[in-house]
Amino acid sequence: MTGYIKEKYLLFRAKNKDPEAFSQVYDLYAEKIYRYIFFKVRTQEDAQDLTSEVFLKTWQYIAENSKDIKNLNALFYKIARNLVIDYYRKLSQQEVLMEQEILEQQEAVVSQTDLQAVETKIEMEKIEEKLRELKDEYRDVIILRYIEQMSINEIAQVIEKKTGAVRVMIFRALNTLKDLMEEKDQ
Amino acid sequence: MRKNELIKQLNSLQQKIKPDGKWLENNRDILLSQLKAQTNFDLAESQRHGLKFVKNIFAFAYKPAVSMAVVFVLVFGSWIATVSATKNSLPGDFLYNLKLTTERVQVNLAMDEEKKTNLELEFAGRRLQEIKTVVANAETTPQQKGNLDVTLKKFQESMVNLKTNLAKLEIKDKDKAVEIASVLDQKSQEYVDILQDQQESLPELAQNTEDAINASKGTSEKALDLIIKEFEAGQSNMQPDDIINKVSARIDDLEKVITQAKSDLQTININQIVLNKQLEENAKAKQAAEAEAAQTEANSAEPTDQAAAAEETVPADNTAVPADNTAVPADNSENTNTQAETPACLGSQCQAPTAEVLPTLEEIQTKPDEAYALLQQARTGLRNVALGKAFALVKQADDIMTLVNKVINANAKYLDIESLLKEANQPQAEEQQPANNDSQATDAQQSIDSATAEENAG
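Sequence order for the protein chains is A and B. Residue 136 in numbering that gives the first Met the number 0 sits at position 137 of the first sequence, with consecutive numbering throughout. Residue 252 in numbering that gives the first Met the number 0 sits at position 253 of the second sequence, with consecutive numbering throughout.
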């Protein structure tokens, strides 16, 4: 079975409330969604929590919506994106109190990732760091386009913009990222 | 740095950033169990909120996700197991209250009035099912039946909630309200029928059942009211025929009630005459016997012995002091609305001794005919599509018949002439009076005793 047909089949089963089928969907998407969220939130734990929430939400969406789902990939990222937005909205209410704690935690995470990938070049860490410095919508399109290698069309569905706008945004985002990287180099 | 290099590096991030494999697997299992639970119990709504709830608790803690996963499993695992166990629990069962609470939570978490209404309707139906199950089970103990009072109360609450929900919805979304009212009207009518079927099997809970029926009727009335109001305001797309059918179905039902009530009243009237004749004869025979007994009593008994005397002496003394005795129970019956078991009814001038709240049998004799006349007016109204007016008349007739049936129920014992006569022919049993009557009689006797003692001393 090709990936596309398999996905359609799984989706069909999930729509008929088949949890096993959905757990296979999870296998297909969990890594991607986790990665996407990881670049957008502050800690690994938050990324994990949000990832599991994305799958629950998506399941509910599939089960409750009678509409045909055309692009599961886009749906996943869309839900993930909204949940991250919610996450920051909630966070901003606690911001003042938690700021210090989060910073400490973040340092811990960074050092942990260091250990996990000893062989990775220093350059790589820099790109990860710079990616976090980008503004939200730039980071979104960079992750989706270059890390997850999604098509412009799909990205347009996720961020709910026209394809032309997406193209322009990717171009600008990449330029900004490049500038940031070079800035550090000098 | 060239763009191509940058893109290459970005691409390689895909390989570099990966979730922890163990977490990935654990989370998959958790997800699967959650989804299974959801599909099995269809509690999607409450679980989503439950999830948020648990999350909020830990939001400040920033615990590692793995430990949170464990908490999820513990909390949800046990919760789901318990909820599934409660599903079939019956009133009086250990888990029954938990079931009720879970349902309440579901209703409270429901997003809009429509969902709330659907849930509430379903739960009301479940209550009735429980009642049916308990009543139909041959092994049901009286105590288990007694537990149904909670069930009836919950049902009543649900019906009242439905009524309020409908009123809320009426303000927000008229179209939806009419749609729901139509379902609600039909369902609550069904519920009334079911309750009336069960009523006979639940003599101990007569009042609760009555209340439940009234709540159900109230809801159905409110629903039909709304339908008619919206229709007359021209804001509903319901067919007038549908509404006319609904109203005339009620008229048909009420006419049956009237016929039944009329025949009941007739039976009561006849039975009362028969009974009174019998009682008169019995009273005469007894008076003669008791006069004799009193004679021997006066001769033999000491005053102190009398107070502690056995049952036989009490009735004997009752007749020995006729003036006091009849006066006391008669008052009593008026104040406390006891049924016609008091000696006041032994005479030929027997009246159903009911309190002020209920009219007497005589007063309601003509009521069924009045109600019938109202219904005929309502039918005319329906023919002229004056729905609001017709329904108002039906409601009026319904009120009258509710009252009539209350009076009939209060005098239900007159419907069964055989047991009445049997009772009348057993002088001992007949003399058994309500406890307070007895004590009053004894009190009265004691005062007489002491009076005689004083006289003696003087």
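Wrong hints could be hidden among the right ones.
[Said to hold, decoys possible] Under the rule of at most 30 angstroms between Cα atoms (straight-line distance), these lysine-lysine pairs were calculated in the BS3-like manner:
| # | chain 1 | residue 1 | chain 2 | residue 2 |
| --- | --- | --- | --- | --- |
| 1 | B | Lys17 | A | Lys125 |
| 2 | B | Lys405 | A | Lys77 |
| 3 | A | Lys129 | B | Lys15 |
| 4 | B | Lys15 | B | Lys152 |
| 5 | B | Lys152 | B | Lys405 |
| 6 | B | Lys261 | A | Lys89 |
| 7 | B | Lys255 | B | Lys162 |
Derived by calculation from the structure, the hints in this document are not laboratory data.
The hints, checked one at a time:
no.	hint	verdict
1	Lys17(B) to Lys125(A)	17 angstroms, holds
2	Lys405(B) to Lys77(A)	63 angstroms, violated
3	Lys129(A) to Lys15(B)	16 angstroms, holds
4	Lys15(B) to Lys152(B)	62 angstroms, violated
5	Lys152(B) to Lys405(B)	20 angstroms, holds
6	Lys261(B) to Lys89(A)	69 angstroms, violated
7	Lys255(B) to Lys162(B)	27 angstroms, holds
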